[in-house]
Each structure stands twice: as C-alpha cells, then as structure tokens.
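Number of protein chains: 2
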Amino acid sequence: MSKAISKKRPLTTDEKAAEAAKRQIKSAEEVLVHVRKLSKLIEREPRIAKGLAALDLPQACREVVDKDAGAVLDEVEAAIYVVASSILRGEGFSYDIPSRAKGNQLYLPELDRIVLKDSTSQRPFASTSTCRKAVFTTRVLGLVHELCMKQIHVTKRDLFYTDVKLFEDQGNSDAILDDVACFLGCTRSSLHVVASEKGVVVGRLTYREDGDLIDCQRMGVGGKAIPPNVDKVTDIQSDALFILLVEKDAAFMRLAEDRFYNTYPCIILTAKGQPDVASRLFLRKLRDTLRIPVLALVDSDPYGLKILSVYMKGSMNMSYDSSNLTTPDIKWLGVRPSDLDRFNIPQQCRLPMTDEDIRTGKRLLEEDFIQANAEWVKELEIMISSKVKAEIQALSSFGFQYLSQVYLPLKLQEGDWI
Amino acid sequence: MSKAISKKRPLTTDEKAAEAAKRQIKSAEEVLVHVRKLSKLIEREPRIAKGLAALDLPQACREVVDKDAGAVLDEVEAAIYVVASSILRGEGFSYDIPSRAKGNQLYLPELDRIVLKDSTSQRPFASTSTCRKAVFTTRVLGLVHELCMKQIHVTKRDLFYTDVKLFEDQGNSDAILDDVACFLGCTRSSLHVVASEKGVVVGRLTYREDGDLIDCQRMGVGGKAIPPNVDKVTDIQSDALFILLVEKDAAFMRLAEDRFYNTYPCIILTAKGQPDVASRLFLRKLRDTLRIPVLALVDSDPYGLKILSVYMKGSMNMSYDSSNLTTPDIKWLGVRPSDLDRFNIPQQCRLPMTDEDIRTGKRLLEEDFIQANAEWVKELEIMISSKVKAEIQALSSFGFQYLSQVYLPLKLQEGDWI
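Residue numbers (our numbering), protein chains in the order written: chain A, 1 to 418; chain B, 1 to 418.
If you are wondering where the hints come from, they were derived from the structure by calculation, not from laboratory data. Each hint should be verified, as a subset may be incorrect.
Remember, identical chains collapse to one label, so a pair may be satisfied in a single copy or spanning two.
[Said to hold, decoys possible] Lysine to aspartate or glutamate pairs mimicking EDC-like chemistry, simulated, CA-CA at most 20 Å apart:
#1 26 <-> 258
#2 387 <-> 341
#3 232 <-> 215
#4 232 <-> 258
#5 16 <-> 146
#6 165 <-> 341
#7 306 <-> 381
#8 165 <-> 14
#9 306 <-> 367
#10 362 <-> 239
#11 150 <-> 14
With the hints as extra help, turn the sequences into a complete structure.
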C-alpha cells in the first residue's frame, strides 16, 4: 500500500511549532540558492588533489599515489631486482623503508594535511633485529605481486592467513603492508588489499562498479553498499548540487525513505559512525570528480566532530596516504551546538556531557582543523561551556519527518553551514 | 584494466595441492546435481510458514503475524476504544499485556521454534506499580498510529526521542514497543519500527524495493544493502538454485568479486557477523518466496554456530516473533570441524579454543537445534575434543581464490552439507 491513509488527529504543541517552521520554507529552487552559490565557488577553486610536487618545500616530503596493477608490478619487480643483484654481489640484501613514526610526520598548512618527511630506516636481512621484518617484507612483496597479477582484491585478514606460519600475528603483516605501500610509493588500495565495507549511498548519482551500471536514485530505501575496492568505481555522473554526509544510519534511513534527494538534488552518504577507509576513499572520489560541496550532518557532540576530523584530516596511522583519503573542505551543516537553542530542542533531548566528553572537546579545540575555522571554534566553545550534547535524532521530538521536511530545508535555505 | 596480466611464476606446494584439488571439480552442471536434488525436496515440503492454527495444541499459544498499516491502525483504534469506554464508565483503564517472560516461553518441536504461551498481565493506570507503564503503552500506541498513518518507518531510537520527557530511558520505550507488538498481535516491523541495516546481498536475484527494480546481479562487487524495512521488498524473482549465507564480510567480498553466482547460480547474503533483524527477515522472505535451500558458510568455532542458531531459532528476546524471523532448515555447508583435516588446513591456521570457547561449545551441544541433528552433534564433538577452531579465511592459505574456485565447488559437487 503506497497511498497515505487519511485519518486526522489534532496536532501536539511541538508539531504545531514544526508546522510553523515548515511554513517558512520556500520553493525548492529558492531553498537551493545558497547551495548553488557555494557550488560555483568550489568549481572555480583549484582542484584539491594538489600534490607535493606543486609546492616548493624546503625539505623533502613523501606521499603515496594511486597506481594501477601494472605500475605496482613494475615497482615490485624493480625492488626485487635490486635485492637479487645485491645478493649476487655477495652483499646480502636490505630494504630502505620510509619511517612512518610520529617524528617523521609533518603537518603541511599549504596542503592542510599531514604528510611524511623523508627519513627512512634500513632493514637488512643479515641482522638479528631486522631479519624477520626483512623476510616479512619480501613475502608481502610477493603476495602483492600475486594479487596484482591476478587482478583480485583481498582483505588484510586474508593476506595474513596466506602465511600464518610466517607472520604468526596479523599485527605483523598489517604493519609490513603499510611499510610496503610507503616503500613502493603507492596507496594501500593500489596493492589490492582493501578494507571491509560499511558505508551506503543513495541519491542523484550513477556510476559503474566493476562494469555494472549503478543508479543510486533507484536503490530503494536501503541504498547501495559502497564497494571495498573503490578503484572499480568508474564513470561517476551526477546532477546533484551537494553531497550530504550523514553520521548515523537512522538519519540516512529517514532521508532515503523520504527520497529527500528528489526535492533537493543531492547524494546522501553514511559510513554508519566512525568512517572506514572505503567510505573515505569513495567520498573523496565523488568530491574530486563532481566538484560539489560536502555538507555534514553529525551529532552535536565531540564524537561527531572527531568523525568529521577523520573525513577531513585522516588518521595519524594512515598519514602517508592522506592525499587520497581526506576531503578537506567539508562544511559543518549541523547539528551544531548553537542549533539547540535556535531550534528549541527540548531540554530532555539534550544530554549532559560526561567528563570524558569535555576532555575530548577541549583536546579538539587545540587541533589545527578546528583552529583553522573561527566559527567552528565558537561552536565548540558553546558546546564545552554549556556542557550539553545532542544526537541528530533529538530533532525527532518535533515529529518523525522534521529532519527531512523542516530542519534540513531551513538550513539549506539560509545557507547555514560553517 | 580488466585483462589479467600474464606473467608466470612457479607454484608453491600449497598452491600445487590446490591445483590438484581443482582438477577434481567437474562442470558446473555436474557440480550442481546434489543441490538440484535438495531443491526438489524443499519444493515438495509443506511451506515452513506453518502457523500455530494448523497445530492442534493442548494449550493456547501466541504468535504475532505481519499486518499491513491499515490492519495495525484498526487494532490500535480498537484497543483505544476499549480504553476510552472503560474511562467513560468511570472504571479507569488497564491493558492486558501478554507476558514475554521466560516462564511464558515454550519450545514447540512441531514448529521447531520457541513461541509464547498465553499468560498475560494486567497493566492498570490506577496502580502505582504499573501507572508509568500504562502511560508508556498509551503513548507508544499513539506513536505507532502516527507511523502507520504516515506510512513511514523509524528506528527504535527515533521513537524514544519523540518523547524523551516521558520515556527518560530508551530501555523503557524499547520494552514497551515489544509489549505493544505482542498486544496487537503483529510483528515489530508491522508497527513501522525497524532495525538498522547491516546486511548486503548479491547474485541471481531481482526484486522491487519501494518500487525501484533492484538487480542483484548488477550490483558490482559491493552488493546491495539489505533495506531496514523488508515490507518494502516485493516482486522477488530468481533463477538461483540455492542461497549461500556467509558469516563474514571478507568471504562475501571474495565471492562477489569472483562473481561466484555466475558459475553456480545462487544468491549470496551476509549480515557481517551477528545477524540483525532486517537480514533475518530478508533471508526468511527469500526462503519462503523462492523455496530454495539455504547453505551456510561460517567460521568453524562456537561463535559461527551461535550465529547459525540466531538465523535458525531466533533470540529469546524476540521469541514472540520467531515465526517471521527464523529460517529453520539451514544446511551447514562449512567450514566444519571435520573439514580441517579433510582439506589439510595447515596447523598454523588452526587456532586453539579458549576456555570460554569450550564452555560455549558445550552449552551449544545441549541445545535443541544441535541435538535435533546427529551430524551436527558429531561435528561439534570433534570441535570440542580437538580444542581447535578455524576461520573461513584459513582457506586462504591455499591461495586467495581457493574458497571460490576449489572449496565451495567441491563441497557442492559432493553434496557435503548436513
């Protein structure tokens, strides 16, 4: 049954307030005026995929790039050729591995992200302290070669299990895999080792995935699962004006069921909490290809901001690959601490922050990506001083569809992002 | 680049063994002979959607059924009519709520699942001990009425947030929601309150989701996200011979990338670990509509079996809805404890069971759904006495594609499920 059942009941006070707010919303075209302006600005900007080479840096820095299977095979073979010649010369062998330690990381304000400096460490086979690591490295190079030859993708767990005898612990093969990515100068996904998928997407987007044409506007209410191997995503096309990045599954579901993207042309994406590598790569790829703004809808708490920071700045651990994983210019649409009063969120839907929340909030306040934006600082200060947080779902107190029918349209109409 | 790159290297011993095993695999048609036989058997069986009414039980039992929005509205209005008349008679009001306590649960061997007996408890408004619950119940009835009128779906969290002042804790609204489902005699999804989605599906399956035609054979490598509201899934069509239920994301990825379903016509489904309600409802719906066997690929450990038990028997908490959530006749394809020796899984890929694993294994051995199948008992006894477990990924020790190219085809060819 798709026809709404027509029975009437009187509205509650909260619903009346929501109805009043709803009357402020103009036509979809008028609502989208500010978004269109933002899109224009972004189109005119230089591409965010700015590389290290474009900068005139005083010191050498290192960043990995996406390479195709053939190029990775060449890199592996070149590395093994060096090893083999060294052995034939009677000199044994050693790998010169870039250091991924904190001391070798550098925040580059020009790129607004963390990159690796150029220090490396020797990993000779003929040393008791590095012998095992040298063997692990050789084995991982061999396995990566096999994956690229067969053109298949596996998980880190699969890689570990191909030689449990040798690696003993998955921590060993995982660490060596990141070393090998740095060593070969390519991204971990270029090595055909992928993360498991968690994200879903719906909206005004079509693309090809391993050849199949995917139309995200015809994905029902559940959406399309974001593939673990983003290099199989090609032919991205869209008439969306913006990407709506949603922290929570529940909000995604509401927007998908209400087909929010039909009225306000957008692509809706969620990684269901802490973002996985595949979702981050996918967002970045969409952003680079389509050059449209990314607006974020997260909980009004330090954890929501931490999630934004992972999308925007990446994690320390993967800093060698920050150029492919991060989407720097995400706009914070909501739910912002100042929204709580502005939208009269009932006191009961505001939750007290724990001591840990407040500590996390204060730490975030120190971080570059917050400091870089005075408005973000102001919002975070409101959060910390008021000591209250709120989830996206707090908006449900005005009715189940308040999010899709009132809150988001009003936010867009007013261009209320920072 | 989709063409495999043609460089040769010598095979390892493990890979030679895998090649030898691969040579045993006959044509796809021959591999599928046993599956076809099983399908025929299942087609001839009476539908598993056997209701309580069909049984001549000595005592009254209670089970909920799926109802459409109109029917739920009628139930809610009838309940409120009773309440209103009682108030107008000056008698206040009370709800007669079915008990969901353990003492009111009954395992029915005829149905091979747990149902509720018919004891109920009064929930009068005019009693200090039940006053709040009576109010919660009234409020949830009102919210469900709204959802069914608007024909929208929300999560349990959304429901809680519509009246935080009243419910105070989500535990309160969650418990009342299950009470209301029992009280109205319908499933929780009929109330338009859904779980968040986690599962994905690929393979020989088409269906309509909220009107959109979904072709799971054209879903690339990431698959289609299973929708949270399974009642929006209609028009299920498939030429698959079986459903392959996979515990882990990584195995799903391998099979999806290798397009396993092209050679062996099947539907591949995973809930990525512990199954959520949406995936269980979806599996059951596929099974009922298509009447094809469900073969399970889980880790060879007690946790893998526990996951099977949730698909097959459901959880105690949702026993009032066991008839819609469970798929009783799942076949255990692998990885079974006896496979470890049979397929020569290297010792290093076998993990020692912890004391907790062994305790869980022993508890499982007592359970009806294991006891009902002598072969399952035997396998579980092998696991407990050998004290070793293994993950699906242990098969990667013979090469990354051993699972899709050797293990599964051999298992199918031999009809090796129990």
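Results for each hint:
In this assembly of identical chains, residue 26 and residue 258 lie within 20 Å of each other by CA distance solely inside one copy; the values are 18 Å within and 49 Å between copies. In this homomeric assembly, residue 387 and residue 341 come within 20 Å of each other (Cα to Cα) only inside a single copy, at 14 Å, whereas the closest approach across copies is 59 Å. In this assembly of identical chains, residue 232 and residue 215 lie within 20 Å of each other by CA distance both inside one copy and across copies; the values are 15 Å within and 18 Å between. Taking the shortest Cα distances, residue 232 and residue 258 sit within 20 Å of each other only across copies (13 Å), while inside one copy they are farther apart (30 Å).
In this assembly of identical chains, the alpha carbons of residue 16 and residue 146 lie at most 20 Å apart only when taken from different copies (15 Å versus 64 Å within one copy). For a Cα distance limit of 20 Å, the shortest separation of residue 165 from residue 341 across copies, 17 Å, qualifies, whereas the shortest one inside one copy, 59 Å, does not. With identical chains, the CA atoms of residue 306 and residue 381 are at most 20 Å apart within one copy only, with a shortest distance of 15 Å there and 47 Å across copies. When the C-alpha separation of residue 165 and residue 14 is checked against a cutoff of 20 Å, the pair qualifies only between copies, where the shortest distance is 13 Å, while the shortest distance within a copy is 63 Å.
For a Cα distance limit of 20 Å, the shortest separation of residue 306 from residue 367 inside one copy, 11 Å, qualifies, whereas the shortest one across copies, 44 Å, does not. For the homomeric pair residue 362 and residue 239, neither the shortest alpha-carbon distance inside one copy (40 Å) nor that between copies (57 Å) is at most 20 Å. With identical chains, the CA atoms of residue 150 and residue 14 are at most 20 Å apart between copies only, with a shortest distance of 17 Å across copies and 60 Å within one.
The structure is inconsistent with hint 10 alone, although it conforms to all the rest.
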